[in-house]
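All chains, full assembly: derive it from the sequences and hints.
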Amino acid sequence: MNLEQQIEIVLLDLLNQIVQVDNSKLTLELPIRKKNNFPIISDSLKEEEYDFEEEYNTSKYNNNEMSICDFFNFKSTAKFTCCIQTLNFIQQLTSKNKFTTKRDLYYMNKPLFQNQIILNQIIDDFAFKFNCNRYHLHIVASPKGEVAGNFKYYERSLTDSSISFTKTFQQEEGILIDLNYFRNVGKVIPSVPEIQITSFDIPIQINSILIIEKEAVFHQLLNNYDNFIMITGKGYPCIATRNFIVMLVKYIAKYQRRSLNIYIFTDGDPYGAEIANIYMNGSKSLQHEREVLTLQSTCINDWMYWVNESYKKMKWIGLHVQDYLQKQHVSPNALLPLDNLDKRKIEQLLNDDNCHLQIKEQLILMNECGVKAEIEALCTKYLNYSDFLEFKINN
Numbered sequence: 001m002n003l004e005q006q007i008e009i010v011l012l013d014l015l016n017q018i019v020q021v022d023n024s025k026l027t028l029e030l031p032i033r034k035k036n037n038f039p040i041i042s043d044s045l046k047e048e049e050y051d052f053e054e055e056y057n058t059s060k061y062n063n064n065e066m067s068i069c070d071f072f073n074f075k076s077t078a079k080f081t082c083c084i085q086t087l088n089f090i091q092q093l094t095s096k097n098k099f100t101t102k103r104d105l106y107y108m109n110k111p112l113f114q115n116q117i118i119l120n121q122i123i124d125d126f127a128f129k130f131n132c133n134r135y136h137l138h139i140v141a142s143p144k145g146e147v148a149g150n151f152k153y154y155e156r157s158l159t160d161s162s163i164s165f166t167k168t169f170q171q172e173e174g175i176l177i178d179l180n181y182f183r184n185v186g187k188v189i190p191s192v193p194e195i196q197i198t199s200f201d202i203p204i205q206i207n208s209i210l211i212i213e214k215e216a217v218f219h220q221l222l223n224n225y226d227n228f229i230m231i232t233g234k235g236y237p238c239i240a241t242r243n244f245i246v247m248l249v250k251y252i253a254k255y256q257r258r259s260l261n262i263y264i265f266t267d268g269d270p271y272g273a274e275i276a277n278i279y280m281n282g283s284k285s286l287q288h289e290r291e292v293l294t295l296q297s298t299c300i301n302d303w304m305y306w307v308n309e310s311y312k313k314m315k316w317i318g319l320h321v322q323d324y325l326q327k328q329h330v331s332p333n334a335l336l337p338l339d340n341l342d343k344r345k346i347e348q349l350l351n352d353d354n355c356h357l358q359i360k361e362q363l364i365l366m367n368e369c370g371v372k373a374e375i376e377a378l379c380t381k382y383l384n385y386s387d388f389l390e391f392k393i394n395n
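Sequential numbering from 1 applies to the sequence shown in this note's numbering.
Simulated from the structure, these hints should not be mistaken for lab results. Computed from a prediction, not measured in an experiment: that's the story for all the values here. Honestly, I wouldn't trust all of these hints.
To be verified - Label pairs and their calculated CB-CB ranges:
#1 I9 x G370: 49 to 57 Å
#2 S285 x K75: 44 to 52 Å
#3 N367 x S208: 26 to 34 Å
#4 S142 x L15: 45 to 53 Å
#5 L11 x F72: 13 to 21 Å
#6 L93 x D387: 28 to 36 Å
Stated by the list, open to error - Derived DSS-like pairs: lysine-lysine, alpha-carbon spacing no greater than 27 Å straight-line:
#7 K102 x K75
#8 K187 x K110
#9 K214 x K144
#10 K144 x K96
#11 K144 x K313
#12 K345 x K284
#13 K152 x K234
#14 K79 x K98
#15 K187 x K254
#16 K144 x K187
C-beta: ideal position from N, C-alpha, C; glycine also.
Structure below.
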């Protein structure tokens, strides 16, 4: 059953409730998004060839835990109205094959939603309810990540609007994006699937991905690593950035039968640790989309061996507690004390089963020492970040 059919069933159910003689009932069921209620991918889906044009997830839930949104209950009337309006937008967008951003939707109905977070949660709820990825709803986050490196990829539009990029060339596979022309500035990662990546052209010499938390550090490091693909999420990564990394690694695994080293470089504080964990294990709220947002997969294709190898070689390289306590890389004057929000974030991550073991070990040390450091603290010991990264990667 495709997405349009699922939406139609929900809308028909609501109409049937409205026309009932006793119309005191008007409810909408939404599945509860928690760890033991994530969709399970069916065996038939696992055996399919990986396709960059993802098919709809035909999975079933572990159990039937649902939340009831009742129009006649004053506590949920506002949420019910927001859900119906959002569903209306989704139906229109999918039927017309148009895309929009969450931000645009919010400003179109700001008096109704009142808060961007409310709309974001409803969109995630519907993606979970319909067992699909969020972008199948044709609502995407505004892309913010950037990529640089000595490689190319092809992209095409899934809408009627024309696309033009500097230094791009039209091919049968789509528009060729040559990142060699963006070496000094980086290229904004496209928002999937409004802009669909159809294939990559990656030299065999490229063996690593370097993911950098901060945009300023990313731009300082451009042109320093010929055998690296460099990516920045500019803080917490958007879905387009995370999806791009997964597609890139899977493409190399499938067509070149090899794995990549993946290094993550963030601040040495609880929020930097959380960003690293999102790249490695995904965010807690989007675990139902982990197949396309992380390298963890239940797919049984033979080439997935190389994807799993890339996941195993994925490492958070700092800043680590040892980097600034040994005074070898960071001056003591650049250290900052942990505040109450930091300690609360550490406790939250340590209690999260989804948090990577390497990250938990660093958080425990950070909590015991009571200090943190930002990437910029390296400037107290190094003239640039490359020396530190070379030391960490080689060791």
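Tested hints:
no., hint, in the structure
1, I9 x G370: 49 to 57 Å, "54 Å, holds"
2, S285 x K75: 44 to 52 Å, "22 Å, violated"
3, N367 x S208: 26 to 34 Å, "31 Å, holds"
4, S142 x L15: 45 to 53 Å, "34 Å, violated"
5, L11 x F72: 13 to 21 Å, "19 Å, holds"
6, L93 x D387: 28 to 36 Å, "49 Å, violated"
7, K102 x K75, "25 Å, holds"
8, K187 x K110, "31 Å, violated"
9, K214 x K144, "12 Å, holds"
10, K144 x K96, "26 Å, holds"
11, K144 x K313, "26 Å, holds"
12, K345 x K284, "14 Å, holds"
13, K152 x K234, "22 Å, holds"
14, K79 x K98, "25 Å, holds"
15, K187 x K254, "24 Å, holds"
16, K144 x K187, "10 Å, holds"
The structure fails to meet hints 2, 4, 6, 8 from the earlier list, while all remaining hints are met.
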